[in-house]
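Trainee: For reference, the chains in residue letters:
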Amino acid sequence: MPTSFPRLPASFAAAAALGSSLVAHPAAACGGFFCDNSQPVNQAAERIIFAVEDDGSVTATIQIQYAGDADAFAWVLPVEGSPAISVSSDLAFARLQAATNPQYLLTTTVEGTCADGFRGGVPGLDSTGGSIDAAAADAGSSVSVVDEGTVGPYDYVVISVDPAAPVISDVAVTWLRDNGYQIDPAGAERLAPYLEGGMNLLAFRLTSGRSTGSIRPVRLTFGAGLATIPIRPTAVAAVADMGVLVWVLGRDRAIPVNYFSLELNEALINWLSPGSTYDDVVNEAANQAGGQGFVTEMAGDAPPLADAIFADWERANWETLAATDWTGREGELLISVLNSYGGYDGMRDALAANLTLPEGVTLDDVLACAGCVFGWDTMDLAGFEPAAFLAAVEAGAIVPMEETAAMFRARPTVTRFYTTMSADEMTRDPAFDFNANLRDVSNVHQASRIIECSPSLTINEAPWRIVLPSGETVRGSGTGWPFTATDGSMPANARISRLETDGDGVVVTDNVSAIAAAIGAHNASVPRPTGLPGGGGFCAVGNGRAPAMAVLLGLAGLALFLRRRS
Amino acid sequence: MRSLAPALALLALGCAASAPSPSGATMELGTGTARFVPVADGEALPMIRGAQGGWHVWIAVRVDGMDVATGSLTFAQQPADESADSIETRVGAVFDPPDAEGRRVSLGWPVIFADPTCSVGRLHRVRVTLTTAAGERLVAEREILPAPGENPPPPCGTPLPETG
Numbered sequence: 099m100p101t102s103f104p105r106l107p108a109s110f111a112a113a114a115a116l117g118s119s120l121v122a123h124p125a126a127a128c129g130g131f132f133c134d135n136s137q138p139v140n141q142a143a144e145r146i147i148f149a150v151e152d153d154g155s156v157t158a159t160i161q162i163q164y165a166g167d168a169d170a171f172a173w174v175l176p177v178e179g180s181p182a183i184s185v186s187s188d189l190a191f192a193r194l195q196a197a198t199n200p201q202y203l204l205t206t207t208v209e210g211t212c213a214d215g216f217r218g219g220v221p222g223l224d225s226t227g228g229s230i231d232a233a234a235a236d237a238g239s240s241v242s243v244v245d246e247g248t249v250g251p252y253d254y255v256v257i258s259v260d261p262a263a264p265v266i267s268d269v270a271v272t273w274l275r276d277n278g279y280q281i282d283p284a285g286a287e288r289l290a291p292y293l294e295g296g297m298n299l300l301a302f303r304l305t306s307g308r309s310t311g312s313i314r315p316v317r318l319t320f321g322a323g324l325a326t327i328p329i330r331p332t333a334v335a336a337v338a339d340m341g342v343l344v345w346v347l348g349r350d351r352a353i354p355v356n357y358f359s360l361e362l363n364e365a366l367i368n369w370l371s372p373g374s375t376y377d378d379v380v381n382e383a384a385n386q387a388g389g390q391g392f393v394t395e396m397a398g399d400a401p402p403l404a405d406a407i408f409a410d411w412e413r414a415n416w417e418t419l420a421a422t423d424w425t426g427r428e429g430e431l432l433i434s435v436l437n438s439y440g441g442y443d444g445m446r447d448a449l450a451a452n453l454t455l456p457e458g459v460t461l462d463d464v465l466a467c468a469g470c471v472f473g474w475d476t477m478d479l480a481g482f483e484p485a486a487f488l489a490a491v492e493a494g495a496i497v498p499m500e501e502t503a504a505m506f507r508a509r510p511t512v513t514r515f516y517t518t519m520s521a522d523e524m525t526r527d528p529a530f531d532f533n534a535n536l537r538d539v540s541n542v543h544q545a546s547r548i549i550e551c552s553p554s555l556t557i558n559e560a561p562w563r564i565v566l567p568s569g570e571t572v573r574g575s576g577t578g579w580p581f582t583a584t585d586g587s588m589p590a591n592a593r594i595s596r597l598e599t600d601g602d603g604v605v606v607t608d609n610v611s612a613i614a615a616a617i618g619a620h621n622a623s624v625p626r627p628t629g630l631p632g633g634g635g636f637c638a639v640g641n642g643r644a645p646a647m648a649v650l651l652g653l654a655g656l657a658l659f660l661r662r663r664s
Numbered sequence: 144m145r146s147l148a149p150a151l152a153l154l155a156l157g158c159a160a161s162a163p164s165p166s167g168a169t170m171e172l173g174t175g176t177a178r179f180v181p182v183a184d185g186e187a188l189p190m191i192r193g194a195q196g197g198w199h200v201w202i203a204v205r206v207d208g209m210d211v212a213t214g215s216l217t218f219a220q221q222p223a224d225e226s227a228d229s230i231e232t233r234v235g236a237v238f239d240p241p242d243a244e245g246r247r248v249s250l251g252w253p254v255i256f257a258d259p260t261c262s263v264g265r266l267h268r269v270r271v272t273l274t275t276a277a278g279e280r281l282v283a284e285r286e287i288l289p290a291p292g293e294n295p296p297p298p299c300g301t302p303l304p305e306t307g
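Going down the list, the sequences are from chains A and B. Each residue of the first sequence is one higher than the last, beginning at 99 in the working numbering. Each residue of the second sequence is one higher than the last, beginning at 144 in the working numbering.
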């Protein structure tokens with residue numbers, strides 16, 4: 099029987115619910131790396147890039163997702179001292195995610211000859227499957243401002259709180275609120291462990307006049323130590339099964355130090371429509387590990403991803419634009435820059451700072467279609483200085499992309515982790531380290547489908563068998579997938595392991611046999627047509643060879659698992 | 144001053160594990176993130192630095208005689224000489240599936256130090272209290288010796304380094 103981890107009991111869920119019930123306050127904001135307090139329902143997967151230098155120092159690039167009023171935006175993070183702060187790019191995250199998403203590819207072959215009557219095709223027959231896109235009154239006297247300033251669209255402040263202050267977290271939050279950082283007092287106690295540990299609080303708010311459209315990732319450079327997500331404060335604003343997507347750059351493949359490593363049961367992926375089921379499988383897999391495990395979605399060479407984030411041609415194009423004398427060619431400059439880089443973070447702020455908009459024109463109009471607002475022959479825009487505009491674009495839009503790409507160019511290995519967590523599961527801050535012994539993990543998963551045709555069946559009626567990467571064979575017909583992650587028919591993890599900085603780790607739960615048994619039971623229940631006309635064409639192919647192949651592949655798969663464990 | 148001393152009444156002095164609960168279950172305090180490693184009184188544990196700051200040691204617990212799947216863990220830590228207050232953190236914990244002997248572990252809990260620069264080489268008392276959903280309590284306690292680790296804190300009395 100598979101062994102699974104239970105969810106936390108109701109008492110913890112109640113504590114989380116308390117926080118959740120308060121996140122809708124109009125002036126709410128949250129703590130931790132993540133924040134979407136006013137409308138947590140909009141919170142999608144949260145994304146972080148950790149880049150670990152050889153000396154152990156860590157740069158964290160953190161995407162901030164927020165939906166709500168600009169005045170209510172605030173974001174707080176426990177830090178030590180006062181880290182170096184800069185802004186990064188949502189576009190870089192989007193490109194990185196697209197380049198590293200899991201892909202479940204299905205190649206299809208047809209055995210035998212099907213009857214005519216093919217209508218509409220078989221979903222996935224001609225494709226390669228799918229890609230997952232996938233209260234304290236005396237706060238003032240106990241709080242010291244360590245650092246403050248403005249970066250990108252944000253004002254920020256770093257404060258330290260006297261450890262002797264009563265209810266230290268309330269003191270901190272009260273001070274921040276009194277100083278215009280709309281931190282939600284609900285859940286303030288979640289900051290207490292960090293403050294009691296001598297850490298400071300770094301808080302952000304939008305600079306006056308900035309809209310939420312200016313919100314962009316931030317980059318923080320820390321000293322040497324374990325890359326860690328302070329997830330506990332996030333629980334205040336987390337929704338159920340919130341996605342957490344982490345890239346760790348460093349010398350070797352990264353591991354979750356104090357979280358389980360999850361290996362998905364790929365039989366639960368609907369290979370005919372993988373995008374529809376992947377998140378469900380990860381969800382269930384994480385739940386079966388008590389909500390404290392990560393799937394390693396890929397691990398491999400990092401430098402090739404630099405070009406996916408900021409391509410060489412984009413850099414070269416920008417260098418040409420930046421080196422050109424645009425005097426008297428201002429419309430051409432705006433159109434050229436916006437056509438190539440209009441979608442970059444920071445472009446809105448560069449325009450706002452340098453361009454006096456024509457009457458009735460908004461920044462959104464310019465960003466949507468610069469050529470509709472300006473002509474190539476626009477000669478001289480009042481108050482517009484090409485050099486200043488280019489410098490602002492360079493600093494606010496180009497450099498953050500280049501810096502993100504450079505992180506990948508400079509480190510040999512990237513590991514992508516994904517999980518989902520609910521508030522009641524956010525009890526432990528996940529930390530990441532490295533293990534040079536572990537193999538790369540491809541984000542491309544390949545299975546083979548064999549459609550077992552016979553003259554009495556059309557191709558979309560014919561049964562099929564799909565050989566999974568593990569070697570297991572799943573039988574079925576039509577467009578339906580026989581297993582779902584949520585019906586409890588099979589465990590969602592093939593294995594749950596604890597990985598260490600050396601060796602292969604410890605398998606805590608091994609469900610491989612249970613999964614094979616469940617697949618076998620299902621396959622035995624799938625009727626197989628026999629006695630078909632045509633000299634036994636189907637029988638010879640479908641009923642003779644396939645089961646034997648399945649057994650052989652199953653044994654091969656089992657042997658592979660045993661070898662990995664040894 | 145908050146003290147851990149009353150907890151001693153719950154312990155069998157000098158034992159690795161807690162005194163048995165009414166059900167006969169015991170809890171042992173150890174370390175480890177991937178596997179449980181027992182810790183003896185006075186044993187050195189490396190201080191781990193989080194990139195964002197702060198130093199901690201990894202603490203783990205192992206429960207014997209009780210099939211506990213989830214529970215509330217309260218971690219308390221203070222200098223053994225009680226010269227500073229205890230720092231307490233309460234978390235919801237899940238336990239690994241039982242091992243061959245039926246014991247369950249919960250690994251990889253960071254116990255942080257409020258004054259890391261002066262904690263190295265100084266005995267600290269760590270007490271862990273498990274409260275089960277059924278209300279049963281197990282307490283385990285150890286005196287550990289924080290060791291410098293890979294990224295040690297600066298010497299006692301030295302300001303913590305600025306990050307970045």
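Read the hints as simulated data drawn from the structure, not as lab findings. Just so you know, even glycine gets a beta-carbon here, dropped at the ideal spot from N, CA and C. A portion of the hints provided could be inaccurate.
Just so you have them, the derived chain B footprint on chain A, three or more residues with Cβ under 8 Å [unchecked claim]: (1) 170–184; (2) 290–298; (3) 373–382; (4) 591–600.
Trainee: Which hint numbers doesn't this structure obey?
Mentor: Hint 3 is the one this structure does not satisfy, whereas the remaining hints hold.
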